[in-house]
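Undergrad: Sequence:
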Amino acid sequence: MPKKKILKKKKKSLVTKVATKKLKKKKVFKKLSFLSKLKKTKQKKKKRLNKVGSKKKTQVRKTSVRKTRVKRVPGLGQRLTRAKIILEKEKEEQKELLKKFELHILRGMQDILPEKMRYWDHVIKKLVELSESYGFKKIILPIIERRELFERATGMTTDVVEKQMYQFKDRAGNQVVLRPEFTPGAARAYIEHGMFSLPQPVKLFYFGPLFRYERPQAGRYRQFHQFGLEVIGSEKPVIDAQLILFSQTLFNNLDLKINIQVNSLGCLECRKPYRSKLVNYFKHKKRWLCPDCHRRLIKNPLRILDCQKGSCQKLIQQAPQLVDNLCDDCQDHFVKTLEYLDEANVVYSLNPYLVRGLDYYTRTVFELWPNRSQTDKETNNSFGSQSALGGGGRYDNLIEGLGGRLTPASGLAYGIERIVEELKIQEIRVPKVRPPQIFIAQIGEKASRRALKIFNELRQERFKLAENFAKDSLKAQMEIAHKLGVKLTLIIGQQEALDKTVIIRDMNTGNQEIVDQDKVAKELKKRLK
RNA sequence: GCGGUCAUAGCUCAAUGGUAGAGCACUUCUCUGUGGAAGAAGUGACGAGGGUUCGAUUCCCUCUGAUCGCCCCA
1 MPKKKILKKK KKSLVTKVAT KKLKKKKVFK KLSFLSKLKK TKQKKKKRLN
51 KVGSKKKTQV RKTSVRKTRV KRVPGLGQRL TRAKIILEKE KEEQKELLKK
101 FELHILRGMQ DILPEKMRYW DHVIKKLVEL SESYGFKKII LPIIERRELF
151 ERATGMTTDV VEKQMYQFKD RAGNQVVLRP EFTPGAARAY IEHGMFSLPQ
201 PVKLFYFGPL FRYERPQAGR YRQFHQFGLE VIGSEKPVID AQLILFSQTL
251 FNNLDLKINI QVNSLGCLEC RKPYRSKLVN YFKHKKRWLC PDCHRRLIKN
301 PLRILDCQKG SCQKLIQQAP QLVDNLCDDC QDHFVKTLEY LDEANVVYSL
351 NPYLVRGLDY YTRTVFELWP NRSQTDKETN NSFGSQSALG GGGRYDNLIE
401 GLGGRLTPAS GLAYGIERIV EELKIQEIRV PKVRPPQIFI AQIGEKASRR
451 ALKIFNELRQ ERFKLAENFA KDSLKAQMEI AHKLGVKLTL IIGQQEALDK
501 TVIIRDMNTG NQEIVDQDKV AKELKKRLK
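So the first sequence is numbered by this note's numbering: it starts at 1 and just counts up by one.
It is worth saying that the hints were derived from the structure and are not from the lab.
No residue lacks a Cβ here, since even glycine has one placed at the ideal position from N, Cα and C.
Treat each hint with caution, since some may be false.
Claimed, not checked - Restraint-style ranges between C-beta atoms, simulated for each label pair:
no., residue 1, residue 2, range
1, N456, R147, 48 to 54 angstroms
2, G208, Q494, 48 to 54 angstroms
3, F168, K432, 39 to 45 angstroms
Unchecked claim - Derived pair list, reagent style DSS-like, types lysine-lysine, alpha-carbon separation capped at 30 angstroms:
no., residue 1, residue 2
4, K471, K116
5, K116, K137
6, K138, K424
7, K116, K487
8, K286, K309
9, K432, K138
10, K424, K257
11, K125, K137
12, K483, K125
13, K125, K203
14, K283, K272
15, K336, K257
16, K446, K475
17, K526, K487
18, K203, K126
19, K519, K529
20, K475, K525
21, K285, K309
22, K137, K236
Produce the entire structure from the sequences given, and follow the hints as far as they go.
TA: Following this line, the structure appears as structure tokens:
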């Protein structure tokens with residue numbers, strides 16, 4: 001409080017005479033407006049009081065009116081200014097509180113409210129069911145990992161590691177990060193727990209939040225959620241095909257239309273010569289490339305293939321393609337993968353320009369794009385084509401690179417937020433949470449106690465119940481029961497509590513029946529059949 | 001990190017250089033023990049800070065946030 005006063009004094013001394021006049025005027029204006037407001041509210045209250053019909057309440061209110069009337073006679077103005085001062089103080093205090101606690105969710109974060117949770121539960125339920133039917137085992141990985149893990153696995157030059165990690169020192173001085181992706185953690189766990197001594201390949205699935213510090217926009221958050229699968233310990237092409245088949249099945253189950261994009265990046269050995277070939281090609285045509293691609297030419301030339309700009313597109317179409325430059329082994333691997341896909345009736349598009357952003361990918365890579373050419377036009381193309389719902393690929397060198405044995409592996413991940421968003425865009429109906437069948441209404445304290453007991457008994461009998469014990473009036477409770485769409489309502493009043501009975505009301509017909517409390521469960525079961 | 005658009009009640013939207021309205025939602029009443037209907041009333045907002053002005057929610061600037069695009073990714 002004293003600080004405020006000092007500040008105010010300082011301000012006053014600084015402000016010129018004109019300004020003080022202004023301030024005074026301001027205050028006068030405020031006073032006037034405040035007074036008129038108070039008068040208005042008082043008039044309103046008067047009107048209200050005159051209209052109130054019920055006897056008891058008017059009596060109570062009348063006394064309060066008398067009090068105010070008596071008080072109003074001496075020095076109304078002073079009282080009002082006092083009230084005004086108190087109000088202003090309260091406002092200032094509230095403002096200060098708000099300044100102290102920035103009551104606002106952090107940028108890129110989100111609260112997932114019950115209404116949206118329906119969609120989440122639906123997606124995750126399908127994912128877990130399918131994963132388990134494919135023989136994957138669930139694991140939970142830590143949210144915090146050492147920074148070096150991602151530097152070595154994801155790649156030092158990738159944007160994810162370079163710019164987007166939430167990083168800090170823990171109390172022991174370790175450089176740690178909030179995980180920006182799952183695969184390195186899974187690989188770490190595989191090595192650390194000696195999973196190479198389990199029957200190979202090891203099939204794992206997981207779900208959880210990931211963190212990337214970037215600017216949020218359509219389908220992109222700083223804390224987002226992925227569901228992922230890893231198959232560690234086999235280089236067979238059938239594994240890659242199986243993961244892609246999994247994706248097709250999943251999106252079929254979710255009724256989402258998607259487009260599967262497939263490509264092969266080759267192994268480290270055949271990628272090097274291709275890379276220099278590509279650099280050579282673009283070097284001579286540098287001036288037609290966009291500024292971003294200039295950067296990519298040095299940093300990650302493969303990414304140029306992914307550029308969407310018209311000028312670059314022309315060059316890209318004539319550029320040497322990865323698929324033509326694979327070594328024999330990689331060629332063979334890719335062809336076999338595609339053969340498996342054809343055999344399993346998977347619909348996919350070959351996309352020679354598909355390049356995934358993380359360093360560890362080798363051979364097969366794929367992405368799952370939403371397919372909504374029709375709805376896109378209707379919604380004025382509000383969503384870009386860049387928002388992949390999921391993606392994955394082979395990472396044959398990652399485990400070795402982290403210090404494990406040479407262990408080929410393949411994996412994928414889906415963005416939950418993006419899938420949920422896509423469900424809404426494609427207007428897919430998600431099963432609603434089963435509504436309750438029975439509502440328990442109570443009137444009066446005694447009945448309320450009895451109702452709580454009955455609620456618990458029926459809950460143990462596995463009835464789907466609803467109630468609003470917080471409400472006193474039966475009418476209000478009936479309204480809620482109606483809104484919930486229950487079939488039956490149990491009504492317990494004083495009389496029923498004494499008689500140990502319950503009224504069962506059929507909400508469709510309006511018929512009511514009085515039943516002993518002991519026989520309620522039986523009666524309910526009969527009626528719900 | 002860069003650029004465009006936007007910011008009014010819990011939600012969807014109005015109006016205005018003289019401190020703000022509606023619909024839905026919520027609470028209460030008409031109806032102190034009975035839902036679907038109707039009527040009445042109530043609660044509740046100009047994102048934050050500064051400037052211009054007698055006066056700013058409105059005009060200008062800064063910040064914050066949202067949103068879309070670029071970069072990148074799920």
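Undergrad: Between K483 and K125, is the straight-line Cα distance small enough, at 30 angstroms or below?
TA: 28 angstroms, holds
Undergrad: Does K475 lie within 30 angstroms of K446 when you go C-alpha to C-alpha?
TA: 18 angstroms, holds
Undergrad: Go ahead and decide if the range 39 to 45 angstroms is satisfied by the Cβ distance of F168 to K432.
TA: 42 angstroms, holds
Undergrad: Please work out if K519 and K529 have their alpha carbons no farther apart than 30 angstroms.
TA: It holds: about 16 angstroms lies between the C-alpha atoms, which stays within 30 angstroms.
Undergrad: Quick one, are K125 and K203 close enough, alpha carbons at most 30 angstroms?
TA: Distance ~19 angstroms between K125 and K203 Cα, so the pair holds.
Undergrad: Regarding the pair K285 and K309, is the alpha-carbon distance no greater than 30 angstroms?
TA: At roughly 15 angstroms apart (the allowed maximum being 30 angstroms), K309 and K285 satisfy the hint.
Undergrad: Please work out if K336 and K257 have their alpha carbons no farther apart than 30 angstroms.
TA: 26 angstroms, holds
Undergrad: Going straight from one Cα to the other, do K203 and K126 come out at no more than 30 angstroms?
TA: Since the Cα atoms of K203 and K126 sit roughly 18 angstroms apart, the hinted pair holds (cutoff 30 angstroms).
Undergrad: Under the criterion that the straight-line Cα-Cα distance not exceed 30 angstroms, is the pair K116, K487 satisfied?
TA: 26 angstroms, holds
Undergrad: Sort out whether K487 lies within 30 angstroms of K526, counting only the CA atoms.
TA: OK: K526 and K487 at ~13 angstroms, within 30 angstroms.
Undergrad: Is the hinted pair K475 and K525 satisfied, with a Cα-Cα distance of at most 30 angstroms?
TA: Holds - the C-alpha atoms of K525 and K475 are around 26 angstroms apart, at most 30 angstroms.
Undergrad: Does K283 pair with K272 here, judged by a C-alpha cut-off of 30 angstroms?
TA: 16 angstroms, holds
Consistency with the previously given hints is maintained throughout, with no hint failing.
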